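Keeping their order, the protein sequence lines are chains A and L.
Each number in our numbering comes from the position in the first sequence (counting from 1) with 7 added on.
Each number in our numbering comes from the position in the second sequence (counting from 1) with 565 added on.
A couple of the hints might just be wrong.
Computed spacing ranges between beta-carbons, pair by pair [said to hold, decoys possible]: (1) V98/A / D829/L: 44 to 50 Å; (2) V143/A / R694/L: 39 to 45 Å; (3) A94/A / L601/L: 41 to 47 Å; (4) D13/A / R694/L: 25 to 31 Å; (5) F612/L / R195/A: 57 to 63 Å.
If you are wondering where the hints come from, they were derived from the structure by calculation, not from laboratory data.
Being a predicted model, the structure only gives us computed values, none of them experimental.
Here a beta-carbon is modelled for each residue, glycine too, at the ideal position from N, C-alpha and C.
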Amino acid sequence: MLSWLDANTASLLNGLALAAVLFLIAVGLSLVFGTMNVLNLAHGAVSLTGAYVGVALLGGQPTMGNFLVAVLIAAAIGVLLGGVLAAMTSVVDDHLRQALLTLGIALIAGDLLREIFGADVESVPAPIGLDGTISVMGNPYPVYRLAIIVVSAVVAGLLYLVLERTRIGAIVRATVADRAMVEAIGIRTSLVLGGVFGAGAALAAVGGLLAAPVLGAQPGLDDTVLLLALVVVVIGGLGSLRGALVGALLVGQVQTLGVVMFSEYASFLLFGAMALVLLIRPRGLLPARTAVHT
Amino acid sequence: MSAKVSGVESDSDAGYALPPPRLSRQVVLPRVAVGLVILVLASLPLFLAPYPIGLAGRILAFALLVVSVDLLTGVTGMPTLGQVAYFGAGAYTAGLVGIHVTDNAVVQLAMGTVVAALVALVTGAVAVRTSGIVFLMVTLAIGELAHQLVDSWALVGASNGLAGIPAITVLPGGEPLLLAGFLYWWVLAVFLLGMLVAWLVVASPLGRSMKGVRDGEQRLRALGQQTYPVKLLAYVVAGALAGAAGTAWAAQTRFVSPGDLGFDIAAFALLSVVLGGAGTLWGPVIGAAVVILVRDWLASYVDGRGALMLGLLFVIAVYTLPRGIAGARLPQRWRTGRRAR
Chain A
8 MLSWLDANTA SLLNGLALAA VLFLIAVGLS LVFGTMNVLN LAHGAVSLTG AYVGVALLGG
68 QPTMGNFLVA VLIAAAIGVL LGGVLAAMTS VVDDHLRQAL LTLGIALIAG DLLREIFGAD
128 VESVPAPIGL DGTISVMGNP YPVYRLAIIV VSAVVAGLLY LVLERTRIGA IVRATVADRA
188 MVEAIGIRTS LVLGGVFGAG AALAAVGGLL AAPVLGAQPG LDDTVLLLAL VVVVIGGLGS
248 LRGALVGALL VGQVQTLGVV MFSEYASFLL FGAMALVLLI RPRGLLPART AVHT
Chain L
566 MSAKVSGVES DSDAGYALPP PRLSRQVVLP RVAVGLVILV LASLPLFLAP YPIGLAGRIL
626 AFALLVVSVD LLTGVTGMPT LGQVAYFGAG AYTAGLVGIH VTDNAVVQLA MGTVVAALVA
686 LVTGAVAVRT SGIVFLMVTL AIGELAHQLV DSWALVGASN GLAGIPAITV LPGGEPLLLA
746 GFLYWWVLAV FLLGMLVAWL VVASPLGRSM KGVRDGEQRL RALGQQTYPV KLLAYVVAGA
806 LAGAAGTAWA AQTRFVSPGD LGFDIAAFAL LSVVLGGAGT LWGPVIGAAV VILVRDWLAS
866 YVDGRGALML GLLFVIAVYT LPRGIAGARL PQRWRTGRRA R
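Build out the structure end to end from the sequences listed, making use of the hints.
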């Protein structure tokens with residue numbers, strides 16, 4: 008057991024780092040579906056936009072300050088894009104037309120990003136101080152990936168606290184459960200929903216930026232990220248924070264440890280796992296308790 | 566979703582409102598229109614160059630795939646991204662039969678359709694237990710798994726694709742169809758056959774049950790009808806049609822690659838249905854034609870910006886055509902008798 012752990016530590020940690028990024032990206036997709044009942048297929052494009060913010064702003068050896076500024080700018084752009092998407096999807100009620108609209112936006116965004124940044128793979132450096140390696144059980148491991156795991160865990164904790172313990176969180180949950188009632192006590196639900204959409208898109212953009220030093224930025228990455236995020240939220244259960252976390256952890260390990268252990272079947276593992284989970288638990292592992300879906 | 570404006574449906578529905586012997590305008594007009602469209606489609610090789618004819622053939626094959634998606638998405642209310650799996654099953658079967666057994670297109674069509682239907686039966690038996698978004702994601706998984714399978718399976722050329730498919734013959738011992746026009750006529754024949762099957766299914770008792778599942782599955786159950794067999798049968802029929810479309814694709818391109826089963830094809834097939842008008846049969850065909858024309862033809866005039874053009878098309882369509890192309894409002898005098906519903 009110990010020798011197995013020793014041999015696979017790097018894969019396990021890589022899986023955790025991937026899970027961390029996937030959680031940041033997928034949680035927005037999940038919450039937007041839970042609150043607004045909108046299937047946002049432009050989510051991957053928002054995330055890729057975040058990665059290209061890093062490409063545009065960070066070159067050479069960015070300091071921690073530079074990196075934080077880039078994160079803030081990515082978040083701001085995310086909020087903006089989320090607001091636009093919320094406004095555009097608010098008049099479209101059925102899922103298929105939402106898919107048509109948001110995939111159309113994703114195609115336009117992907118084409119514009121390719122026009123601006125070219126078709127090559129761009130890389131983003133990790134900030135100074137996090138660009139080295141650290142010894143984990145005797146093997147060197149990149150510090151930056153450990154930092155992503157920590158950041159994502161902190162964000163998950165904060166999101167949980169905000170949603171479960173604050174007035175704003177209570178309003179969001181109430182909007183999910185009964186929109187008309189929240190409207191009746193004098194709260195503009197369209198603002199609540201726009202806020203959730205903006206926050207979700209900001210998280211996706213930040214997730215894309217944080218992932219850029221590991222995954223890079225290139226055309227087509229938006230589709231990959233979107234598919235992975237969809238798998239995460241479907242496995243975890245649409246509309247649930249804990250579900251997104253569990254789904255991300257599972258997909259992260261399937262994509263790294265699973266690929267190392269069952270390399271022959273590597274390409275089947277992800278969607279095989281998703282099909283299996285859905286056939287056993289059609290609503291996902293941890294579906295939202297309060298969400299009202301029709 | 567419940568846009569009921571198709572020529573097909575108004576045909577069958579009109580049967581209730583009108584005494585059968587009287588051939589009224591709303592019975593005759595669609596038939597004349599269908600006849601004219603078939604005539605125009607059949608005469609295309611007489612005045613189009615080989616490249617546009619190849620494009621037209623690809624549109625027809627893709628349109629049949631889109632119709633199979635519509636049978637599930639629009640008619641039965643089960644949005645799917647998985648029909649590419651059966652399209653691929655048909656295309657690869659036809660290609661393998663062509664390389665190893667016979668270049669007879671009829672045999673390839675039959676084999677491809679049967680294999681696709683069998684694959685649909687096995688996978689559908691589990692998939693149709695789910696519904697809504699979950700069904701969409703399960704079918705996405707089916708499509709992606711099929712994509713990965715052919716991408717890694719050496720027997721079918723893996724990621725290189727299946728190349729070296731010989732030109733098809735239609736009659737036993739006949740000449741291989743090398744001219745684009747003859748090949749197009751074969752693809753058109755497969756397309757029309759597929760459309761006929763789809764139309765017959767929609768007009769049959771099975772089709773009524775499929776619409777029942779879409780409009781109120783619980784109600785159908787409450788009336789004592791089991792819905793699982795309906796959904797599975799619909800799934801198998803749709804799979805068979807996608808397989809037939811795949812054989813036509815393979816006959817035309819003589820090369821099948823894993824990319825033909827990709828997520829983008831699955832997404833474009835589903836979006837063609839929405840764009841054209843889910844639930845009608847002719848709407849999605851036009852949707853498919855528009856998508857392929859914009860992506861492959863119009864894009865060549867605007868410096869390869871196919872994705873951008875498609876994106877703009879989708880966004881504009883969502884706001885201007887809430888019920889798809891088939892639901893577009895025609896001037897009042899064109900819609901005689903269609904308001905009674």
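Hint by hint, here is what the structure shows:
1. Between V98/A and D829/L the beta carbons are some 27 Å apart, a value that contradicts the proposed interval 44 to 50 Å.
2. Checked against the hint of 39 to 45 Å, the C-beta distance between V143/A and R694/L comes to roughly 44 Å, which is consistent with it.
3. For A94/A and L601/L, the hinted distance range of 41 to 47 Å is satisfied, since their beta carbons lie about 43 Å from each other.
4. The beta-carbon spacing between D13/A and R694/L, approximately 43 Å, falls outside the hinted interval of 25 to 31 Å.
5. Between F612/L and R195/A the beta carbons are some 60 Å apart, a value that agrees with the proposed interval 57 to 63 Å.
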